[in-house]
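Chemist: With chain A's structure known, arrange chain B on it following the hints.
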Amino acid sequence: MKVKENHFIGISGIVFGICNMVPCINEQKWTLIIYFITLGLPEVIVGVIGQKDINPKSLRSMSWLSTILGMVILSLNVSPYYHSTTMSYMNYIAAFGLIISGLYGIFTCSKKYGLELIP
Amino acid sequence: MSVETKQTTVDKSGDFSRSAIPADQRQSSVSIFVTTAGWVICLSTILAGGVLVGGMDLGKASIAAIVGMLILALIAAPIAGIGGRHGVPTAMIAKSALGSKGALIFIAIVAFMNGIGWFAYQAAFMAMAVKELFPNTIFGNLAVGSTIGGIIMTILAIFGFKGVTILCFIAVPMIVSLSFFGGIAAIEVSGGMSELMKISSAATGMTMGAGITAVVGGAIMGCMMLSDVARFGKNEKVGSISASLGYMIGGVFCIVAGALMAVAANVDSIGTTPNLPKVMAALGLGAGALVVLVLAQLTTNTTNVYSAAVSIGSWVNIKQRYIVLILGAAGTALAVFDIYAYFIPILNFIGTAVPPVAGVIIADYWIITRAVKKSDYSFEEGKYYGEFNWLGWAVAIVSAVIASKINFFATSFNSLVIGFILYTILALICNTCNVSYMIKVKNTNVEEIKEA
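Heads up: the protein sequence lines correspond to chains A and B, in order. When we follow our numbering, the leftmost residue of the first sequence carries the number 1, and every step to the right adds one. When we follow our numbering, the leftmost residue of the second sequence carries the number 120, and every step to the right adds one.
One or more of the hints may lead you astray.
[As the list claims (entries may be wrong)] Here chain A is said to cover these stretches of chain B; the calculated rule only asks that three of the stretch's residues, wherever they fall, bring their Cβ under 8 Å from a Cβ of chain A:
1) 147-156
2) 288-297
3) 518-526
[Stated by the list, open to error] Residues on chain B that point at chain A, a partial pick, calculated with CB under 8 Å:
4) T284
5) I285
6) F300
7) I303
8) E307
9) G310
10) G407
Keep in mind that the hints were calculated from the coordinates and are not lab data. Every residue gets a Cβ at the ideal spot worked out from N, C-alpha and C, and that includes glycine.
Just chain A, same shape as in the assembly (with noise of 0.2 Å):
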């Protein structure tokens, strides 16, 4: 059973994890930008491969990484030490998108494919 909202998840996937990668070009210190990369570049790999054609199941599983990865940009963003000094409000965007794009996902598999909420 193929589904059709992986397209949505995906393209979410892409942009938001690019939003997140932006802040490195303002950026000196490393530690910040192995935190943009790190979690900003698996969003974007992950969005282009489920551009194809995808089960319910992957989907879930695409949904859960967003989820997550947005929980964990917003949660180091309010920290002095992990926030960005000049470009701080793209990672907010790339957190809420994330987050927002990801519980419409798992919402999704659970109520119109039956899925159960964890893989």
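Modeler: This is chain B only, laid out in the frame that chain A set:
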């Protein structure tokens, strides 16, 4: 391979605390891995890293963490494998090994320790952590913090394994990520890894053996109850490997992250306990640190009270949610009234006395039943397990006494190994001499009686 049970499974107690998990409700290896990782990823495990670097350098602390958690994984695997194979909790496995009355003693102790004792300790510790972060607010009041924390944990545990799993599924990756980034921050703040190693080299006074002891002793009780989670695994291999790997990897990661952060922050401890909230605040982790602390305590303590309720539910015909409510209320009350402090010496004593029971269970199943008798445990409804395995309990008590006299390695680990070896030898002798060590009620009208 999962064993097909012949009974009609009726989940009377809720969450299958008295019967095997049906095949269609088993979960993936990822779920098992994440849940057991969540079980060990907690404040006390992160603190263990801080304790280690209080007495040894970073390199030795890392080795102690890896060796200690590897030992625990090797202990966890055979116990979790039984749960994964048969789909039953630790309490029911204990019945087969120790008899109904014998297992009742074990479960009562564990339920007291995990469900009330450790619950109270961790709820109060979470309140102390919150107090450090919000000293001049209502949350800075220990009684308020303990009450709120205890209530939240109890409510979460009432929803059973699904609720715990969802919480761990969200919390574990967050805690792992925040610990990872905390470690990165620690390295950068200190001026690099070599500088961090130089700073840590000033710490002395703890031997490698003592360090491994601290790691093993602090997590062995959770290790013994892993069947409560592994029973949801699809088969023996999934239950065994996923549960033990999750426990080991989660533990090592937490300890090393805690060590890195403690060295970099260089914050005074509270007594002998590293002040982790202040460590994270000193590194600039802020609100993210609060999330780590609160989620770590929530996942571990929820699992504690859940596991205790599952164990008690295998004996009493009460819905699991009511058992959780009672245990959570008692633990919260203890935390609020500061009585938990008096339980620490008791918990330390039980930490030596209870592990040999796990050694007896491992020996009884894997050596005596599977290897020697070429048989297996069975858990049909109405099965008679025997009353009391006097040999098992005698070995457990003697092993605990012997281990307490040995000043080598970890007392809790030593008592488990001694219990395993002694029970294997003596049970084989009893079997050879046709001496029964399982007390049974005479003239019991059952189809199958376990022969010792």
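Chemist: Evaluate each hint against the coordinates.
Modeler: Right, here's what the structure says about each hint:
1. Residue count for the stretch 147-156 of chain B with a Cβ under 8 Å from a Cβ of chain A: 3. That meets the three needed, and the coverage hint holds.
2. Taking a C-beta to C-beta cut-off of 8 Å, the stretch 288-297 of chain B contributes 6 residues in contact with chain A, enough for the three needed, and the coverage statement holds.
3. Against chain A, the stretch 518-526 of chain B contributes 0 residues with a C-beta closer than 8 Å to a partner C-beta. That does not satisfy the three-residue criterion, and the hint is violated.
4. Annotation: T284 (chain B) was flagged as interfacial toward chain A, and the flag holds, the nearest CB pair being 6 Å apart, inside 8 Å.
5. Nearest Cβ of chain A to the Cβ of I285 (chain B): about 6 Å, under the 8 Å cut. The hint holds.
6. Interface hint status for F300 (chain B): upheld, as the beta-carbon distance to the closest one in chain A is roughly 6 Å, under 8 Å.
7. The closest approach between the C-beta of I303 (chain B) and any C-beta of chain A is roughly 5 Å, which is under the 8 Å cut-off, so the hint is satisfied.
8. Interface restraint check: E307 (chain B) against chain A, minimum CB-CB distance 5 Å, threshold 8 Å, status holds.
9. Hint status for G310 (chain B) relative to chain A: violated, with the closest Cβ pair at about 12 Å, above 8 Å.
10. Because the smallest distance between the Cβ of G407 (chain B) and any Cβ of chain A comes to about 4 Å, under 8 Å, the interface hint for this residue holds.
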